[in-house]
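Input sequences plus hints: build the corresponding full structure.
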Amino acid sequence: MSALKIGNVLRAGLMAWALFMDLNLRSGNNYVNLGESLTGTSGAVALAALACLLALSWADERLPKAGLRVRLAALFLGVWQVIAVSVANTNDLNQPFLSSSQMLKAAVLALGMASLFELLFRLLEAGLDGRLDVRIQRDGALRRAYRAHTLPFCMAVVLLCWLPHLAVSYPASMNSDTQSQLDQILGLLPWSKHHPTLLAFFLLGTTRLGHALGSGNAGLFAYVLAQAVFAAAVIGYSQWIMRRLCAPVWLRALSLALCAFAPVYCDNITVILKDVPYSYAMLLMLCEMVRQRFLEKEGDGFSAGFVLRMTLSAFLMLRMRPNGAMVWIPICAALFLGTRGRKRRAAIAAVAALPFLLGAGFDAAFDARFHPQAASLGEALSLPFQQTARFVSEYASEVTDEERAAIDGVLVYDELAKRYQPELSDPVKAMYRKTATPRDWLAYGRAWASQMIRHPGCCLSATIIQNALLFDVSTYNLAIFTGTGLSTQEEEALDIHRSGTQTRLERMESNLRQAALALPFALQLNTLGFYCAVLLGAFAIACSRKVRGMLTILLPQMLTMAVILCGPCIEHQDRYGFPVIYLMPLALAALSCALRRTQRD
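All the letters of the sequence shown, read from the start, carry residue numbers 36 to 636 under the numbering used here.
Not one of these hints is a red herring.
Below, a list of computed lysine-lysine pairs in the DSS-like style, where the Cα atoms sit at most 25 Å apart: (1) Lys332 x Lys581; (2) Lys581 x Lys100; (3) Lys40 x Lys100; (4) Lys228 x Lys464; (5) Lys332 x Lys378; (6) Lys453 x Lys464.
Think of the hints as simulated: they come from the structure by calculation, not from any bench.
Shown next as structure tokens:
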């Protein structure tokens with residue numbers, strides 16, 4: 036037997052074992068025999084090992100070899116699965132190190148999952164570079180309509196599939212952030228910039244529309260319907276670009292099916308939530324970036340449509356989420372540096388500046404009309420606050436009087452240890468003192484840096500544990516909104532009514548959703564962790580194959596992941612990752628085009 040076949044046998048065994056690995060401790064002395072974690076699963080592991088061996092043997096003949104960067108990405112994801120399991124079981128990172136058998140099991144899990152991810156990345160590359168694709172022989176009426184009118188065809192398909200969800204959730208669903216903005220409109224809360232003022236402006240318009248029509252339901256539904264039409268139009272536009280890129284058939288078909296049926300799409304389009312228009316605005320921005328990079332001639336100037344669409348997307352991004360600037364500014368810098376010609380660079384500079392100018396004008400008008408309270412600076416500091424809270428909870432005895440005073444100038448020190456939740460920073464952020472001065476901030480920064488230097492592992496653990504689901508491909512992490520999310524008093528004030536029939540239909544929809552998510556791979560296709568893993572693999576493939584232009588195309592999703600790491604939480608808050616999910620099909624289509632061009636060159 037050759038060394039390659041022996042290696043495949045070992046890797047297949049690791050992959051199969053990893054799929055059934057259990058890191059839970061079951062004995063009093065914390066030493067668990069490896070065999071105990073496989074009780075009742077020996078036959079399943081054997082079948083999985085055989086399937087993995089056949090897959091590896093087939094891959095050696097038909098799939099591209101994995102480069103070093105791809106292998107490193109796969110190994111990183113394998114290690115992350117150990118982290119995710121440990122956090123899920125213990126809310127800590129110590130589970131793999133509690134005993135020698137635990138360390139051995141963690142190594143098996145990491146290496147086995149790394150081998151599985153490497154195989155998946157090789158399969159992804161083959162699916163993108165043209166080696167693997169679906170061949171459609173029949174040229175039916177639907178296919179002809181798709182080719183002739185891609186944008187309206189895909190837009191109509193998506194809207195048609197969304198109609199049942201729109202009807203069941205009528206007039207709308209919402210989360211607590213949107214509820215508090217409606218309370219501001221009703222006068223129950225003071226106006227504030229804590230949530231996007233543009234969304235508040237839209238909600239104010241919907242309530243006035245509902246009052247004019249004599250139906251609060253109609254007012255809210257008008258917003259949801261406009262949101263759905265905008266999202267479907269952007270999806271249709273992205274499908275048109277994917278067709279012009281000659282993206283693989285499997286990718287176009289799968290992405291359209293996901294947009295139409297996947298809960299992460301169709302169950303969120305009915306929600307009044309700032310992250311929904313923000314994410315589709317970012318998809319519109321990526322459409323323009325891909326179109327200019329792969330479909331337009333470099334010598335041509337930028338069209339008025341490009342400037343208009345980029346300005347619209349950036350305005351929505353910047354006004355719906357303040358941290359949209361963390362994505363928009365680096366994107367503009369990358370486009371400016373990657374553009375040749377004085378006129379084209381001037382156009383990019385104008386596109387970069389115009390949304391900020393429009394946003395400043397909108398804010399000035401809104402402030403003059405409603406005089407909203409300023410947003411708290413503490414909202415942007417989830418990461419250091421969470422690290423400080425963990426340090427205080429673990430090393431309170433090492434906190435000096437000077438550090439305690441510095442922390443207490445910005446956060447209520449005595450409450451940090453009690454309020455610290457490893458997966459959520461909101462309870463700690465609530466301890467922020469709005470009276471903190473620049474001098475207090477400077478003292479806090481010195482205390483935070485000192486603690487980071489003394490115990491970097493503690494601060495790093497706080498961030499990793501809070502974001503353990505970022506690359507976790509197997510944990511259910513969807514947030515589903517049902518009902519209006521409003522109290523009876525708020526519904527009466529807004530003239531909103533829902534029937535008992537709708538409540539029963541929502542329960543039926545929930546049962547159907549759970550049944551659909553039980554299908555093979557359905558959970559992964561609706562989970563942020565899976566898309567982040569695919570993004571990491573796509574980035575590694577682009578670097579390994581030295582594909583030109585792809586780093587800028589993947590930059591919006593990479594920056595979104597960085598924003599998530601600095602955010603308040605990720606557990607049951609997949610909305611922060613909508614841009615990673617919604618941009619993925621078009622990003623992979625661009626990578627497919629770039630890989631094929633690289634092969635031809």
